[in-house]
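Colleague: Here's the letter readout for the chains.
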Amino acid sequence: MNQTSRIHGRHRGNGNAQGIQRWGSLIGGSALAIYGLTRRSPVGLALATLGGVVAISGAKANALEEPATQSSVLINGSPEEAYRFWHDFEHFPLFMNHLESVTVTGQGRSRWVAVGPLGTKFRWDAEIVNEQTNQSIAWRSLPGSEIEVDGYVQFEPAPGNRGTLISARIRYRPPAGALGHAVAKMLGKDPNFLMRQDLRRLKALMEAGEIPTTDGQTHGPRSVTAAAARFVDPDRPFKGDVEVAEVFSQLRRVS
Amino acid sequence: MKAVCWMGVDKISVETVPDPKILNPRDAIVRITSTCICGSDLHLYNGFVPTMEQGDILGHEFMGEVVEVGPGINRDKLKVGDRVVVPFTIACGNCFFCKSQLWSCCDNSNPNYWIAEEIMGYSPSGLFGYTHMLGGYSGGQAQYARVPFADVGPLKIPAGIPDEKVVFLSDIFPTGYMAAENCDIEPGDTVAIWGCGPVGQFAIRSCFMLGAERVIAIDRIPERLQMAKEGGAETINFDEVDDLIQLLKDMTGNIGPDSCMDAVGMEAFGHGIGYMMDRTKQMLRIETDRPIALREAIQACRKGGTVSVPGVYGGFIDKVPMGAFMNKGLAMKTGQTHMMRYMKPLLDRVERGDIDPSFVATHRPPIDLAPEMYKMFRDKQDQCIKVVMDPWANGARAAA
Ligand SMILES: NC(=O)c1ccc[n+]([C@@H]2O[C@H](COP(=O)([O-])OP(=O)(O)OC[C@H]3O[C@@H](n4cnc5c(N)ncnc54)[C@H](O)[C@@H]3O)[C@@H](O)[C@H]2O)c1
Ligand SMILES: [Zn+2]
Ligand SMILES: [Zn+2]
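If you're matching them up, the sequences are chains A and B in order. According to this note's numbering, the residues represented by the first sequence are 1 to 255, in order. According to this note's numbering, the residues represented by the second sequence are 1 to 400, in order.
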């Protein structure tokens, strides 16, 4: 789940920060075996939440219409399997990196803990407000929560028997709008990107039983600049000698 | 362990690094017995593919013995002690693309998929030792490697067949074969192949296996042309001809080859002002790739024919003769090789004795000589065509 914590520069996250280890889970039929989860770096968490939660708050600070993050993903599996996996909110931290934990407290209610800037924890309680078995789930934070959240996910059979199309929409109303705005502007994270990352992790988990990673793999000596860049922002992927941006500017110049 | 590291453009060194460990349930660790240098590695060596980082371990053509497997691996599929060839593409085995046999397009094996998406719209699979944009996985020019989704990729090899005969199943034999398949060969066809490197060599032989009557192989390195000839091809040294397209016309009754293959990729050599412009643009990074062979292949191909492109491109190219491509009604097929589709059938061919892939290997040095070998292979010195390194041989500076 550390994977999500990679957020960097203008709107992207990544998958190879250092020093974080995560085991995926294996899903066999209905049994979910989690091999163990270790926590990501505090900075990563902070950034993840900044991106995932506060950025939205910032955007919202001067907009009446609350923007929702939304995206979809195609999963090779039945709507039943997808629904079953999603319905247990305790699975969420496996693929949503800004979440530290979700505890189901019964009667459709659950307690959520996300980690924000500088390790600040945000907690809220949520309840399922509507669900159609194997089709959709809607949930909402209870009144009085630190963060107001409402979420909706839908499971449809994909065309051509290709599995299930999962479409999700999550809306956050964060605690401190103005502050959130400033921070979001500074970091420039894109919540839609983060949601796509979350859904991609979910897809990998459901299809492959694990989330691909290179965190903690062996490698040769890194350069001092790379080490410095990593120290400053462990979640910012280091793109080596030639920046992708260069390729883009090439594209522009060429065309 | 010892590992060949990319330390910057033109800088390769053999470093001592920690041994790899299992990171995911479906990982395995392989103790490598043979590992090759590929034409694709030269694109990294020369700095033409973005997102390499100092300290990255290179190498994607390797085989060895399984020494550890993760808890997610079914022991019927893979166990400690198995001797395996590892394909260079990493695939989960259960996404839409894997299920469609488009293994090199797997959706779940590239943790950095989003970098590739910025450039290509969607991301191909992760690859070993081949840039962060394609996964950032440490590669196999080392004594050990971590192999993700090890219950899907690695092909078990029976004892008794020497490494040299099977190690090229890790990439270039299937790559040459898929490139030939992508030519849509009908019995009696003529195929023209640009590039007589290892990929071109296997492509030549595969074209004949698939029923081609004539193969015309194009390069400028004498020993490579010689090897192509030994494989049954007619050869053209493009350094010695003024008008390659006209020559191909003359050789084919003005019809043109039925299929044309670019087995050169983004660092093609050429002549004249066009080549100089491409080189300059590539150096200035206005154009990432030099598509000389590709342009010629499109231009030379007969009407209604097929252009097959195993040669690797990383970014953007200029002046593709789209008019020729469209008006002649051509088709183009390309891709990183869908390895798992070809490995087993080609192993069967090796076992049957249809082909002995070891013909292409010219150098078998210890891994310690990797820096010299990269240079030699790139500069085509010492008649070098394919380097297979031994990670355990007692290295020093012994002769290759
Ligand atoms: N699609 C895949 O999955 C895949 C797999 C492996 C390699 N490749 C790619 O295939 C290409 C060839 O690989 P290789 O290992 O044989 O490399 P190589 O560098 O050994 O061979 C390339 C050959 O092309 C020749 N050449 C250069 N310019 C030419 C021109 N204008 N016309 C004709 N020939 C020309 C060179 O002299 C050389 O012999 C590379 O681009 C490599 O990255 C692709
Ligand atoms: Zn290769
Ligand atoms: Zn897959």
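These are calculated hints, taken from the structure and not from any lab test. Owing to the predicted nature of the structure, the values given are computational and were not obtained by experimental measurement. There could be a bad hint or two in this list.
[Stated by the list, open to error] Some, not all, of what chain A presents toward chain B, calculated at C-beta under 7 angstroms:
id: 1; residue: PRO157
id: 2; residue: GLY160
id: 3; residue: ARG162
id: 4; residue: GLU207
id: 5; residue: PRO212
id: 6; residue: THR218
id: 7; residue: HIS219
id: 8; residue: GLY220
id: 9; residue: ARG222
id: 10; residue: SER223
[To be verified] Label pairs and their in silico Cβ distance ranges:
id: 11; chain 1: A; residue 1: VAL129; chain 2: B; residue 2: ASN74; range: 36 to 46 angstroms
id: 12; chain 1: B; residue 1: GLU118; chain 2: A; residue 2: ASP88; range: 28 to 38 angstroms
id: 13; chain 1: A; residue 1: ASP88; chain 2: B; residue 2: MET283; range: 49 to 59 angstroms
id: 14; chain 1: B; residue 1: PRO71; chain 2: A; residue 2: THR105; range: 57 to 67 angstroms
id: 15; chain 1: B; residue 1: GLY304; chain 2: A; residue 2: SER78; range: 41 to 51 angstroms
id: 16; chain 1: A; residue 1: LEU142; chain 2: B; residue 2: GLU65; range: 53 to 63 angstroms
id: 17; chain 1: A; residue 1: ASP88; chain 2: B; residue 2: ASN74; range: 18 to 28 angstroms
id: 18; chain 1: B; residue 1: ASN254; chain 2: A; residue 2: GLN70; range: 33 to 43 angstroms
id: 19; chain 1: A; residue 1: ARG169; chain 2: B; residue 2: ILE273; range: 48 to 58 angstroms
id: 20; chain 1: A; residue 1: HIS87; chain 2: B; residue 2: GLU118; range: 31 to 41 angstroms
[As the list claims (entries may be wrong)] What the simulated footprint calls covered on chain B by chain A, stretch by stretch (three residues with Cβ under 8 angstroms from a Cβ of chain A suffice, anywhere in the stretch; the number is not a length):
id: 21; region: 17 to 23
id: 22; region: 34 to 42
id: 23; region: 126 to 140
id: 24; region: 303 to 313
Think of the CB as a built atom: it goes at the ideal place given N, C-alpha and C, for glycine as much as any other residue.
Colleague: Now tell me, hint by hint, if it's right for this structure.
Modeller: Each hint tested on the structure:
Look at PRO157(A): its Cβ only gets to about 14 angstroms from chain B, farther than 7 angstroms, so that hint breaks. With 7 angstroms as the threshold, the beta carbon of GLY160(A) stays out of range of chain B, its nearest partner Cβ sitting at about 10 angstroms, so the hint is violated. The closest approach between the C-beta of ARG162(A) and any C-beta of chain B is roughly 6 angstroms, which is under the 7 angstroms cut-off, so the hint is satisfied. For the restraint placing GLU207(A) at the interface with chain B, the shortest Cβ-Cβ distance is roughly 5 angstroms, inside the 7 angstroms limit, so the hint holds.
Taking 7 angstroms as the C-beta contact cut-off toward chain B, the hint placing PRO212(A) at the interface holds, the least distance being around 5 angstroms. Interface hint at THR218(A): satisfied, since its Cβ lies 5 angstroms from the closest Cβ of chain B, which is below the 7 angstroms cut-off. Because the smallest distance between the Cβ of HIS219(A) and any Cβ of chain B comes to about 5 angstroms, under 7 angstroms, the interface hint for this residue holds. Residue-level restraint check for GLY220(A) holds (minimum Cβ-Cβ distance to chain B is 3 angstroms; threshold 7 angstroms).
Interface restraint check: ARG222(A) against chain B, minimum CB-CB distance 4 angstroms, threshold 7 angstroms, status holds. Look at SER223(A): its Cβ gets to within about 4 angstroms of chain B, closer than 7 angstroms, so that hint holds up. Between VAL129(A) and ASN74(B) the CB atoms are about 41 angstroms apart, so this pair conforms to the stated range of 36 to 46 angstroms. GLU118(B) and ASP88(A) have their C-beta atoms about 34 angstroms apart, which keeps the hinted 28 to 38 angstroms range intact.
Checked against the hint of 49 to 59 angstroms, the C-beta distance between ASP88(A) and MET283(B) comes to roughly 55 angstroms, which is consistent with it. A hinted range of 57 to 67 angstroms for the beta carbons of PRO71(B) and THR105(A) is inconsistent with their spacing of about 31 angstroms. Taking 41 to 51 angstroms as the suggested C-beta distance range, the pair GLY304(B) and SER78(A) conforms, at roughly 43 angstroms. With their beta carbons about 57 angstroms apart, LEU142(A) and GLU65(B) fall inside the hinted range of 53 to 63 angstroms.
Our hint of 18 to 28 angstroms for ASP88(A) and ASN74(B) holds, since their Cβ atoms are close to 25 angstroms apart. For the pair ASN254(B) and GLN70(A), the beta carbons lie near 58 angstroms from each other, so the given range of 33 to 43 angstroms is not met. Between ARG169(A) and ILE273(B) the C-beta distance comes to about 55 angstroms, which sits within the given range of 48 to 58 angstroms. The hinted window of 31 to 41 angstroms between HIS87(A) and GLU118(B) holds, with their beta carbons roughly 34 angstroms apart.
With a cut-off of 8 angstroms between beta carbons, the region 17 to 23 of chain B has 6 residues touching chain A; three or more are needed, and the interface restraint holds. With 0 residues having a Cβ less than 8 angstroms from any Cβ of chain A, the region 34 to 42 of chain B misses the three-residue criterion, and the hint is violated. Residue count for the region 126 to 140 of chain B with a Cβ under 8 angstroms from a Cβ of chain A: 8. That meets the three needed, and the coverage hint holds. With a cut-off of 8 angstroms between beta carbons, the region 303 to 313 of chain B has 0 residues touching chain A; three or more are needed, and the interface restraint is violated.
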